[in-house]
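Chains as they are written, first to last, in our numbering: chain A, 7 to 121; chain B, 84 to 194.
Heads up, some of the hints might be wrong.
Have a look at the derived ranges for each label pair, beta carbon to beta carbon [unchecked claim]:
{"id": "1", "chain 1": "B", "residue 1": "138", "chain 2": "A", "residue 2": "84", "range": "23 to 29 Å"}
{"id": "2", "chain 1": "A", "residue 1": "121", "chain 2": "B", "residue 2": "138", "range": "35 to 41 Å"}
{"id": "3", "chain 1": "A", "residue 1": "80", "chain 2": "B", "residue 2": "110", "range": "29 to 35 Å"}
{"id": "4", "chain 1": "A", "residue 1": "9", "chain 2": "B", "residue 2": "133", "range": "22 to 28 Å"}
{"id": "5", "chain 1": "A", "residue 1": "68", "chain 2": "B", "residue 2": "92", "range": "31 to 37 Å"}
{"id": "6", "chain 1": "B", "residue 1": "160", "chain 2": "A", "residue 2": "34", "range": "41 to 47 Å"}
{"id": "7", "chain 1": "A", "residue 1": "74", "chain 2": "B", "residue 2": "101", "range": "44 to 50 Å"}
{"id": "8", "chain 1": "B", "residue 1": "139", "chain 2": "A", "residue 2": "67", "range": "44 to 50 Å"}
{"id": "9", "chain 1": "A", "residue 1": "44", "chain 2": "B", "residue 2": "160", "range": "30 to 36 Å"}
{"id": "10", "chain 1": "B", "residue 1": "95", "chain 2": "A", "residue 2": "23", "range": "38 to 44 Å"}
{"id": "11", "chain 1": "A", "residue 1": "23", "chain 2": "B", "residue 2": "152", "range": "45 to 51 Å"}
{"id": "12", "chain 1": "B", "residue 1": "163", "chain 2": "A", "residue 2": "8", "range": "33 to 39 Å"}
{"id": "13", "chain 1": "A", "residue 1": "67", "chain 2": "B", "residue 2": "154", "range": "26 to 32 Å"}
{"id": "14", "chain 1": "A", "residue 1": "23", "chain 2": "B", "residue 2": "92", "range": "24 to 30 Å"}
No lab work stands behind these hints, which were simulated from the structure alone.
Predicted model, so just to flag it, every value in this text is computed and none were measured.
Just so it is clear, CB atoms sit at the ideal spot from N, CA and C, and this is done for glycine as well.
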Amino acid sequence: GAGVSQSPSNKVTEKGKDVELRCDPISGHTALYWYRQSLGQGLEFLIYFQGNSAPDKSGLPSDRFSAERTGGSVSTLTIQRTQQEDSAVYLCASSSRGRQSYEQYFGPGTRLTVT
Amino acid sequence: SQQGEEDPQALSIQEGENATMNCSYKTSINNLQWYRQNSGRGLVHLILIRSNEREKHSGRLRVTLDTSKKSSSLLITASRAADTASYFCATDAYGNNRLAFGKGNQVVVIP
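Using the sequences and the hints given, assemble the complete structure.
The structure is reproduced here in structure tokens:
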């Protein structure tokens with residue numbers, strides 16, 4: 007079946023604008039994760055969804071960041087009033103199990119550039 | 084430093100040679116995973132080793148885990164140009180809902 011998809015693949019926005027990034031996980035995967043990767047850096051955890059449980063938002067860097075997951079499937083990461091330091095690749099991953107004892111499947115990412 | 088931190092190095096090797104990279108971490112883990120990333124985009128899972136395992140093989144990959152030293156190594160044997168990528172280790176710590184990724188190792192295999 008299809009893998010994790012993300013859209014858009016690239017997004018250029020002006021400082022102060024809001025952006026929405028979308029993630030379509032693998033069908034049937036109950037766990038969904040958002041990460042951020044700055045140039046040449048590792049992955050920074052942002053948020054984790056598991057089924058109908060309350061999401062783990064502890065990695066969100068500020069209150070300008072929020073995420074939703076509708077119907078246990080598609081997720082949207084929203085960044086309000088974007089800043090230049092928000093420029094990064096935003097990666098989404100899904101997993102078939104709730105625990106991270108199992109591998110995560112990553113999407114191709116959205117490259118966000120804030121000018 | 085964060086969980087799952089590789090020796091921050093860039094490896095440049097000739098095709099056919101072996102590539103070894105290391106990862107260290109600080110707290111108790113449930114398992115450790117290695118991922119590959121091409122061209123700064125999505126990561127691909129390579130191998131998972133559980134805390135009660137010491138060594139694991141998958142094709143040309145060999146992973147070791149030393150929980151007493153809190154370290155792991157990834158060996159790629161008989162490297163190919165297609166192995167050129169960044170390699171990340173990630174740790175799954177008990178009680179966390181997340182994987183902690185290191186900064187990655189850049190490997191360049193010269194044909």
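Status of the hints after comparison with the structure:
1. B:138 to A:84: 23 to 29 Å: violated, 44 Å
2. A:121 to B:138: 35 to 41 Å: About 48 Å separates the Cβ atoms of residue 121 of chain A and residue 138 of chain B, which means 35 to 41 Å is violated.
3. A:80 to B:110: 29 to 35 Å: holds, 33 Å
4. A:9 to B:133: 22 to 28 Å: Holds, at about 25 Å.
5. A:68 to B:92: 31 to 37 Å: holds, 32 Å
6. B:160 to A:34: 41 to 47 Å: Roughly 35 Å apart at Cβ, these two residues miss the hinted range, so it is violated.
7. A:74 to B:101: 44 to 50 Å: holds, 46 Å
8. B:139 to A:67: 44 to 50 Å: violated, 35 Å
9. A:44 to B:160: 30 to 36 Å: holds, 32 Å
10. B:95 to A:23: 38 to 44 Å: About 41 Å separates the Cβ atoms of residue 95 of chain B and residue 23 of chain A, which means 38 to 44 Å holds.
11. A:23 to B:152: 45 to 51 Å: holds, 48 Å
12. B:163 to A:8: 33 to 39 Å: violated, 27 Å
13. A:67 to B:154: 26 to 32 Å: holds, 29 Å
14. A:23 to B:92: 24 to 30 Å: Once the Cβ atoms are compared, 38 Å apart, the range 24 to 30 Å for residue 92 of chain B and residue 23 of chain A is violated.
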